[in-house]
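Chemist: So the protein sequences, as listed, match chains A and B.
Under the working numbering, the first residue of the first sequence carries the number 1, and numbering increases by one thereafter.
Under the working numbering, the first residue of the second sequence carries the number 1, and numbering increases by one thereafter.
Here chain A is said to cover these stretches of chain B; the calculated rule only asks that three of the stretch's residues, wherever they fall, bring their Cβ under 8 Å from a Cβ of chain A:
1. 7-14
2. 54-66
3. 196-203
Everything labelled a hint here was simulated from the structure, so no lab data went into it.
Nothing here was measured: the structure is a model prediction, and the numbers come from that model.
All C-beta atoms, glycine included, are put in the ideal place defined by N, C-alpha and C.
Number of protein chains: 2
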Amino acid sequence: MNDKQLLMIPGPTPIPQRVLHTLGNAAVGHRTPGFSAIIKEVTGKLKQVYKTENDLFILTSSGTGAMEAAVSNFINPGDKVLVMENGNFAERWIKINKKFGADVQAVSGEWGAQSDPAALKALIDADAGKEIKAVFVTQNETSTGMVNDIQALRAACGDHPAIFIVDAISGMAVSELKVDEWKLDIVVSGSQKAFMLPPGLAFISVSEKAWAANAQCTNPRFYFDLQAAKKNFDEKSTTPYTPAASLIVGLQESLKMMEEEGLENIYQRHAWYRDMVRAAAKALKLELLAEDKGASSAVTAIKKPGEIDVKQITKIMREKYSVIIAAGQGKMEKSIFRIGHLGYVSETDILAVIACLEMTLKELGWDVQLGTGVAAVQAMIMKGRD
Amino acid sequence: MNDKQLLMIPGPTPIPQRVLHTLGNAAVGHRTPGFSAIIKEVTGKLKQVYKTENDLFILTSSGTGAMEAAVSNFINPGDKVLVMENGNFAERWIKINKKFGADVQAVSGEWGAQSDPAALKALIDADAGKEIKAVFVTQNETSTGMVNDIQALRAACGDHPAIFIVDAISGMAVSELKVDEWKLDIVVSGSQKAFMLPPGLAFISVSEKAWAANAQCTNPRFYFDLQAAKKNFDEKSTTPYTPAASLIVGLQESLKMMEEEGLENIYQRHAWYRDMVRAAAKALKLELLAEDKGASSAVTAIKKPGEIDVKQITKIMREKYSVIIAAGQGKMEKSIFRIGHLGYVSETDILAVIACLEMTLKELGWDVQLGTGVAAVQAMIMKGRD
Chain A
1 MNDKQLLMIP GPTPIPQRVL HTLGNAAVGH RTPGFSAIIK EVTGKLKQVY KTENDLFILT
61 SSGTGAMEAA VSNFINPGDK VLVMENGNFA ERWIKINKKF GADVQAVSGE WGAQSDPAAL
121 KALIDADAGK EIKAVFVTQN ETSTGMVNDI QALRAACGDH PAIFIVDAIS GMAVSELKVD
181 EWKLDIVVSG SQKAFMLPPG LAFISVSEKA WAANAQCTNP RFYFDLQAAK KNFDEKSTTP
241 YTPAASLIVG LQESLKMMEE EGLENIYQRH AWYRDMVRAA AKALKLELLA EDKGASSAVT
301 AIKKPGEIDV KQITKIMREK YSVIIAAGQG KMEKSIFRIG HLGYVSETDI LAVIACLEMT
361 LKELGWDVQL GTGVAAVQAM IMKGRD
Chain B
1 MNDKQLLMIP GPTPIPQRVL HTLGNAAVGH RTPGFSAIIK EVTGKLKQVY KTENDLFILT
61 SSGTGAMEAA VSNFINPGDK VLVMENGNFA ERWIKINKKF GADVQAVSGE WGAQSDPAAL
121 KALIDADAGK EIKAVFVTQN ETSTGMVNDI QALRAACGDH PAIFIVDAIS GMAVSELKVD
181 EWKLDIVVSG SQKAFMLPPG LAFISVSEKA WAANAQCTNP RFYFDLQAAK KNFDEKSTTP
241 YTPAASLIVG LQESLKMMEE EGLENIYQRH AWYRDMVRAA AKALKLELLA EDKGASSAVT
301 AIKKPGEIDV KQITKIMREK YSVIIAAGQG KMEKSIFRIG HLGYVSETDI LAVIACLEMT
361 LKELGWDVQL GTGVAAVQAM IMKGRD
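Pulled out of the complex, with its shape left as it was, chain A reads as follows:
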């Protein structure tokens, strides 16, 4: 049966039945009091996930749209910005900033390794004239399966006036992120990751410090103008332009599910999947890209096994077993493959993806004793979590 696909990419994630049913609801009048109440409710619950009392807005776009909003609303042409770069999505911060005329300094690190807070601190400390306007970081780097230490990176900036901007698209509600406690000024995320929805919504939080920068910002923007978003939300619990209403109704349901499970449990469950996939990979003598410290709970990147073409791995997984995993991205397109384990994923999904990976690698000539990786996962399950 090829119809039932097992989706193990780092987003979009599988969607719970409870949420799917809501997506199939009838059309919604997006300017009714009832829909404003939904927007208000989900915005409040999103703030709980973000651990923030900052403003938070729902945008109808992919996560990249919210990344653009994080630049176009706050950065002026000529502004000096730092980007902590160690992956394909961190590179996107560089590209967007350049499009909007920023003077970008990339602080480049090895792909798969964490960004170095000390390197950031050195640049911040050296900036006597306080010329750095913003620091852009990536929480979970989807392209490499690495999660940055956001708390340490933020601490490295101390009291410097630069606004601190985080891409948490694939990391939000996967790994801990404390927006207010850590003083993160702008944080973006997206519906198709841990929120267990189809793609089409993005979320962005904005601190008071960021609003002060916004007041000075001249870059042109309309669709992603956050002042319009704030005015419409504050006055009428609505959005400036027609929102993706069916997805917002779905979000209402998925946030209920997340509330029932509890954020700490969600973090632990994702870390558990990470540990399982890494244990299986090691049992199969595969090499992991990220070290244990900094290993992502959302996605695991595995290095190209010997001379095996990673595109062959993803192709056989998809065509023979209906399991969707991902090749690499950007400069690592051919040197790694990636197994996503975020969102609506279960232990049985992990067992299945590892079993199919074993068969695929064996077919491609890798020295695999079938069942070895699965056994590593089974041992963990039978022992139980912590």
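With the hints as your guide, set chain B onto chain A.
Modeler: Below, chain B without anything else, positioned relative to chain A:
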């Protein structure tokens, strides 16, 4: 039963069961060959609806996002542009253009009346230096229930080099629009109108003439960068950033339905609803905003009946009868109310909305003999179309 709402606003429209079922499908891997095939198929069918062989792209945003793309990809700061203004959405063209630094000349007309092709021709003919870079028009003005004569407006521009840009968000597949035959350079539309989907997708077509202007355009853009859209579509039948995949799967189904019905039938069906609502309004001694010539097939605007507050009309319709209609917008917020009749609407929907409107107006003190408006519609149905 308050749960079953009758949605009679000018978008989002009701959604067919056939489409709702597809929205509830399982998550989709958006970078798989299967999904690229869907993108290719729906893009081809959208071009048939547009009657164009121009490039056409699917954006994940509301229609306003595509309007921004139509400005930010083609207009430079200081460029002289004309906007034919006679409603709230035409005003949006002015606002976006101003945000992106254009030198905007608004050609303002009465709200509810068609834009005057002769006024446009006079300005075009007077532009000996060919300084006008673009002309922005609105096909169907959602805020007033007026449809412009796009063919005549385009003809008024003759061989002038200005690119001709059309907001067809609420008019596409409601009233005839021939992108290639009429030489319309950029045309935007959105999923939640005649395409019978939830909001979240926008479509934009781009002519060769428009691409030439794009090559000169310096305004900053990333998420809505159409060169990135073209490169990804041409090379891999994909989108630069994660698309709203569930809506694209829904679009595949709704385009099939539209193909089965046939575009000419769809146009005629919408004109038929327009005629019904207008006949009923006249029978109820209500005053229509738009003249018969220029009356929209998507939405009918009715003037405030005497001293009755239009917000009371929409409130009673919603709270007592679960029928959602719209008040006015912009400067006409309080002076009209609007009944949408586009997308997945049936004759029985028209009968029901008119019946509820009669009861509502009677309650509010309007001199109504119950059944009068309904009878006007019934007479048309019994006589039959054409």
